Amino acid sequence: MIEEKDWEPKIVAFLCNWCSYAGADLAGTSRMEYPPNVRIIRVPCSGRMNPLFVIKCLMKGVDGVLISGCHINDCHYSEGNFYARRRFAVFKKLLEYMGIDPRRFQMSWVSASEGDKWAKVVGELVDEMKSAGPNRFADRLENHGLPSDRQTHSDEVEVT
Amino acid sequence: MLKIITKEDLHKILISLLSGFEIIGPRELSHKGIFYEPITDMKSLYWGEGFATEPVKKFFLSPSEYLFKGRYDNGKEVLDDLPLTRNKRIIIGVRPCEAIGLTLLDKVFNADEYKDEFYLNNRERTILVGLSCLKPDKSCFCTSLGGSPESNRGLDVLIFLGGNEFIIEIITETAKEILKNSGRDLSQAETKAWELDRKRRKESLNYRIEVPESLDKIFESEYWEDVSRSCISCGVCTFLCPTCHCFDLVDEKRKKLRCYDGCAFCDFTLEASGVNPRLAKKERYRQRVFHKFDYFKKNFKENLCVGCGRCIRFCPVKINIAEVVDKAPLVKS
Amino acid sequence: MVEELRVKARELLKNKQVELVIGYQRASDGVSATPCFIENEKDTDLLIWDAYCVYNLSSYLKDHPGRKIGIVAKDCDLRSVVVLLQENQLKRENLFILEMECQGVIDERRLQFSDKQNQEISFAQKCKSCQSSKLSISDYVIKDRGEKRKTPDDYDEYGPIRKMEVKATSERLKFWQEEFFRCIRCYACRQICPMCYCPKCVAEQAQPFWFSKAINLEGNFSWNVTRAMHLAGRCIDCGECERACPVGIPLRDINKKIEKDVKELFSYEAGSSTEAKSLFACFNKNDPEGFIK
Chain D
0 MIEEKDWEPK IVAFLCNWCS YAGADLAGTS RMEYPPNVRI IRVPCSGRMN
50 PLFVIKCLMK GVDGVLISGC HINDCHYSEG NFYARRRFAV FKKLLEYMGI
100 DPRRFQMSWV SASEGDKWAK VVGELVDEMK SAGPNRFADR LENHGLPSDR
150 QTHSDEVEVT
Chain Z
0 MLKIITKEDL HKILISLLSG FEIIGPRELS HKGIFYEPIT DMKSLYWGEG
50 FATEPVKKFF LSPSEYLFKG RYDNGKEVLD DLPLTRNKRI IIGVRPCEAI
100 GLTLLDKVFN ADEYKDEFYL NNRERTILVG LSCLKPDKSC FCTSLGGSPE
150 SNRGLDVLIF LGGNEFIIEI ITETAKEILK NSGRDLSQAE TKAWELDRKR
200 RKESLNYRIE VPESLDKIFE SEYWEDVSRS CISCGVCTFL CPTCHCFDLV
250 DEKRKKLRCY DGCAFCDFTL EASGVNPRLA KKERYRQRVF HKFDYFKKNF
300 KENLCVGCGR CIRFCPVKIN IAEVVDKAPL VKS
Chain C
0 MVEELRVKAR ELLKNKQVEL VIGYQRASDG VSATPCFIEN EKDTDLLIWD
50 AYCVYNLSSY LKDHPGRKIG IVAKDCDLRS VVVLLQENQL KRENLFILEM
100 ECQGVIDERR LQFSDKQNQE ISFAQKCKSC QSSKLSISDY VIKDRGEKRK
150 TPDDYDEYGP IRKMEVKATS ERLKFWQEEF FRCIRCYACR QICPMCYCPK
200 CVAEQAQPFW FSKAINLEGN FSWNVTRAMH LAGRCIDCGE CERACPVGIP
250 LRDINKKIEK DVKELFSYEA GSSTEAKSLF ACFNKNDPEG FIK
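Residue numbers (numbering that gives the first Met the number 0), protein chains in the order written: chain D, 0 to 159; chain Z, 0 to 332; chain C, 0 to 292.
Excised from the complex, chain D in its bound form (with noise of 0.2 Å):
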């Protein structure tokens, strides 16, 4: 089980290779100081985000989900954002209405060359998942409720 003094948010950030990611390497080379707290996996658009990843990235227990792509009308793709930022929209109102905190899943606008604001971003980010707490989705969704026959063992789960 998770020791509350000692957690730190896990986030998972999906970033679009041309215009985020490129503005989170500038931050790096740039010696600019965010949060350790966030694991990044490249994507070439953020119009390849699939709902369904957010999905289980929250199930397996990361406290928070960041979805980064260009800018409106910058997309290398040309139309890449128009297509995510209309399908987050209703994911983001959808898993709310399920009853996850809203704080778990944000997405930005991050250009190549805003490194500064890539910090301020996580550095947001990871405040909010520090005052939203851990994600106890995960424990809780694997045996609430659930008969005692009739529970799995969580603490014998590993992450693969």
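No lab work stands behind these hints, which were simulated from the structure alone. Be careful, since some hints might not be right.
[To be verified] Straight-line alpha carbon distances no greater than 25 Å define the calculated DSS-like cross-link-like pairs of lysine-lysine that follow:
{"id": "1", "chain 1": "D", "residue 1": "Lys-91", "chain 2": "C", "residue 2": "Lys-41"}
{"id": "2", "chain 1": "D", "residue 1": "Lys-91", "chain 2": "C", "residue 2": "Lys-61"}
{"id": "3", "chain 1": "C", "residue 1": "Lys-162", "chain 2": "D", "residue 2": "Lys-55"}
{"id": "4", "chain 1": "D", "residue 1": "Lys-91", "chain 2": "C", "residue 2": "Lys-127"}
{"id": "5", "chain 1": "C", "residue 1": "Lys-41", "chain 2": "Z", "residue 2": "Lys-281"}
{"id": "6", "chain 1": "C", "residue 1": "Lys-262", "chain 2": "C", "residue 2": "Lys-61"}
{"id": "7", "chain 1": "C", "residue 1": "Lys-262", "chain 2": "D", "residue 2": "Lys-92"}
{"id": "8", "chain 1": "D", "residue 1": "Lys-116", "chain 2": "D", "residue 2": "Lys-129"}
{"id": "9", "chain 1": "Z", "residue 1": "Lys-57", "chain 2": "C", "residue 2": "Lys-173"}
{"id": "10", "chain 1": "Z", "residue 1": "Lys-255", "chain 2": "D", "residue 2": "Lys-59"}
{"id": "11", "chain 1": "D", "residue 1": "Lys-129", "chain 2": "C", "residue 2": "Lys-173"}
{"id": "12", "chain 1": "Z", "residue 1": "Lys-42", "chain 2": "Z", "residue 2": "Lys-134"}
{"id": "13", "chain 1": "D", "residue 1": "Lys-55", "chain 2": "C", "residue 2": "Lys-173"}
{"id": "14", "chain 1": "Z", "residue 1": "Lys-280", "chain 2": "C", "residue 2": "Lys-199"}
{"id": "15", "chain 1": "D", "residue 1": "Lys-116", "chain 2": "D", "residue 2": "Lys-91"}
{"id": "16", "chain 1": "C", "residue 1": "Lys-284", "chain 2": "D", "residue 2": "Lys-91"}
{"id": "17", "chain 1": "Z", "residue 1": "Lys-68", "chain 2": "D", "residue 2": "Lys-59"}
{"id": "18", "chain 1": "Z", "residue 1": "Lys-281", "chain 2": "C", "residue 2": "Lys-67"}
{"id": "19", "chain 1": "C", "residue 1": "Lys-127", "chain 2": "Z", "residue 2": "Lys-281"}
{"id": "20", "chain 1": "Z", "residue 1": "Lys-134", "chain 2": "Z", "residue 2": "Lys-6"}
{"id": "21", "chain 1": "D", "residue 1": "Lys-91", "chain 2": "C", "residue 2": "Lys-276"}
{"id": "22", "chain 1": "C", "residue 1": "Lys-15", "chain 2": "D", "residue 2": "Lys-92"}
{"id": "23", "chain 1": "C", "residue 1": "Lys-292", "chain 2": "Z", "residue 2": "Lys-31"}
{"id": "24", "chain 1": "D", "residue 1": "Lys-92", "chain 2": "C", "residue 2": "Lys-259"}
{"id": "25", "chain 1": "Z", "residue 1": "Lys-42", "chain 2": "D", "residue 2": "Lys-55"}
{"id": "26", "chain 1": "C", "residue 1": "Lys-127", "chain 2": "D", "residue 2": "Lys-129"}
{"id": "27", "chain 1": "D", "residue 1": "Lys-92", "chain 2": "C", "residue 2": "Lys-162"}
{"id": "28", "chain 1": "C", "residue 1": "Lys-199", "chain 2": "D", "residue 2": "Lys-59"}
{"id": "29", "chain 1": "D", "residue 1": "Lys-116", "chain 2": "C", "residue 2": "Lys-284"}
Small disclaimer: the values here were computed from a predicted structure and weren't measured.
Starting from the known structure of chain D, fit chains Z and C onto it as the hints suggest.
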């Protein structure tokens, strides 16, 4: 052994048993149905005429359970068994058809060739307290399959409701140990009245079908195409059936999961090569009928159906398997 | 209405305008309806039409590709035909749409669990917000010459959704956890939905593995949320999923929430026109982005 007991006294006995047993009974959720759930407040027990949506099968053959897990021990692969739950429980409000269903499942999971330890463990730690049906549903047809609303086969105790007093028929030694000092004995007149009531309950079932001895002759018939047209291959009939027991074995997170599966699903017989012997819907529906009313009978001498009617009640398109079997184009003797 | 329907069906089969008519017939219990598939003129007498004709028959259209089919449709069913045409799952020239002017269908589960003495037919919730016959896609319309049932003017179809939205996040989570606890992953909701036609559903995929087949809340939650997302902008609220669910999960409450959001955010309504593009296949330069940093 027969006893009469009031509802309050029965509740008191159940509450006293809570220390040693988990009590599972039917509870009504408004507009959704009746479900078997662990009960601690006896007042929420449902004693009405409705039937539970899911049969008690799920407490014995679990809808999904992890069988064993794997790990690495110094680079070597090791398989560990997952511990079985041992706490005792009493399931109350079981209908006779569901209990007969369990005796049919025993033939598969408690056979000489193979004894399933998960199923057996659940069977051994459970006491079944049945409830005789007062008013069968229009889709019930248990009497056509050797069952009855007052059958005590497979049960430890069978309760007959009547006003505020219940007549309980105590069948097994285990049940006698627990209940021998409860309630009071029946008088001669009461016993006679009970026997008449039993007979009346059995006869109250009007819906009868004729189950043919064998369906072999019509395996290639066009009939299966006609009756399965509206089937949507959903799996509701399979999952809610007290006797259906097909399962799928899946690897997840280094654990082996066994979960319910059904011959109704399109991919049930999909092989690793990509070939699917039962791709067409009619083949799958035919398989369902044959397994229940032909193959199982050939192997175990009984139909794999108890006539509970759940498949008919909950089928989203109202396919009636009893009608399908009854009206099968066979020359009846 | 029934006679007109039978006559028309007979005519269609005789003139070989269609090879198959999909309609409703009386079920074996003598009360409910069940889908029927008619290929011969003499079988058209089996066709019925009343408040028990609940099913959305458009989910059977995909089973008969290439054949000319006549389908008996209510207004809600028509919308699913429109969406299927939009998505190129059906060819318009192979369809003959027989629209029935529907006065509402009953909710069988409500009827089953309500006071059995009360014979008043309990109408399905979806019928209260039906805006009948706004579409003009049918080939033939059979009008109801009887008294028209009036839908209440002040009925808010998103009432239950709004009630849910004002609850606290933890309350909502608790509500959905309790509902999904009963889910048995029978996939009846998916099988009966006309829009769920993927040859290999995401729930059945092993490589990649999306969510667990186990009946635990992780798997059930993922399944229902994913299905709702896959139906965003496509669900036309025929209510079949909720009707088919054996354990009574309020699936319409999830799909209607997305329907409401889609209407408010993008002014998009599913099934309104065969020329319209699917919701996520298009975008507007002015889509709302207040939620993006």
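Verification of the hints:
1. For the hint linking D/Lys-91 to C/Lys-41, the alpha-carbon distance of about 54 Å lies beyond 25 Å, and the restraint is violated.
2. Restraint check for D/Lys-91 and C/Lys-61: not satisfied, since their Cα atoms lie roughly 32 Å apart, outside the 25 Å limit.
3. With a C-alpha separation of about 28 Å, the suggested pairing of C/Lys-162 with D/Lys-55 is violated against the 25 Å cut-off.
4. Taken as a hint, the D/Lys-91 and C/Lys-127 pair is broken in the structure, with Cα atoms around 29 Å apart against an allowance of 25 Å.
5. Annotation: proposed proximity of C/Lys-41 to Z/Lys-281 holds, straight-line Cα distance about 24 Å (limit 25 Å).
6. Taking the CA atoms of C/Lys-262 and C/Lys-61, the gap is about 28 Å. The hint is violated against a cut of 25 Å.
7. Among the hinted pairs, C/Lys-262 with D/Lys-92 is consistent with the structure: their alpha-carbon atoms are about 13 Å apart, no more than 25 Å.
8. Proximity of D/Lys-116 to D/Lys-129 is assessed by CA-CA distance (about 20 Å); at most 25 Å being required, the pair is judged to hold.
9. For the given pair, Z/Lys-57 sits about 24 Å from C/Lys-173 by alpha-carbon distance, which is consistent with the 25 Å threshold.
10. Between Z/Lys-255 and D/Lys-59 the alpha-carbon distance is near 18 Å, which keeps this suggested pair within the 25 Å criterion.
11. For a cut-off of 25 Å, the pair hint linking D/Lys-129 to C/Lys-173 stands: about 22 Å separates their Cα positions.
12. In summary, the hint linking Z/Lys-42 to Z/Lys-134 is supported, as the alpha carbons are separated by about 22 Å, within the 25 Å threshold.
13. Among the hinted pairs, D/Lys-55 with C/Lys-173 is consistent with the structure: their alpha-carbon atoms are about 20 Å apart, no more than 25 Å.
14. The hinted pair formed by Z/Lys-280 and C/Lys-199 meets the criterion: a straight-line CA distance of about 16 Å does not exceed 25 Å.
15. With a C-alpha separation of about 22 Å, the suggested pairing of D/Lys-116 with D/Lys-91 holds against the 25 Å cut-off.
16. For the hint pairing C/Lys-284 with D/Lys-91, the CA-to-CA distance comes to about 19 Å; that is within 25 Å, so the pair holds.
17. With a CA separation close to 18 Å, the supplied pair Z/Lys-68 and D/Lys-59 stays within the 25 Å bound.
18. Between the alpha carbons of Z/Lys-281 and C/Lys-67 the distance comes to roughly 21 Å, so the proposed pair stays at or under 25 Å and holds.
19. In summary, the hint linking C/Lys-127 to Z/Lys-281 is not supported, as the alpha carbons are separated by about 37 Å, beyond the 25 Å threshold.
20. With a C-alpha separation of about 20 Å, the suggested pair Z/Lys-134 and Z/Lys-6 falls inside the 25 Å cut-off, and the hint holds.
21. Among the hinted pairs, D/Lys-91 with C/Lys-276 is consistent with the structure: their alpha-carbon atoms are about 22 Å apart, no more than 25 Å.
22. Between C/Lys-15 and D/Lys-92, the direct Cα distance comes to roughly 49 Å. Violation of the 25 Å bound is thereby established for this hinted pair.
23. Distance check on the hinted pair: C/Lys-292 and Z/Lys-31 sit about 42 Å apart at the alpha-carbon level, beyond 25 Å; violated.
24. Pair hint D/Lys-92 plus C/Lys-259 holds up; C-alpha atoms about 11 Å apart against a cutoff of 25 Å.
25. Restraint check for Z/Lys-42 and D/Lys-55: the C-alpha separation of about 41 Å exceeds 25 Å, so the hint is violated.
26. Between C/Lys-127 and D/Lys-129, the direct Cα distance comes to roughly 45 Å. Violation of the 25 Å bound is thereby established for this hinted pair.
27. The straight-line distance between the Cα atoms of D/Lys-92 and C/Lys-162 is roughly 15 Å, inside the 25 Å bound, and the hint therefore holds.
28. For the proposed pair C/Lys-199 and D/Lys-59, the alpha carbon gap of about 24 Å is at most 25 Å, so the pair holds.
29. Taking the CA atoms of D/Lys-116 and C/Lys-284, the gap is about 24 Å. The hint holds against a cut of 25 Å.
Of the numbered hints listed earlier, those contradicted by the structure are 1, 2, 3, 4, 6, 19, 22, 23, 25, 26.
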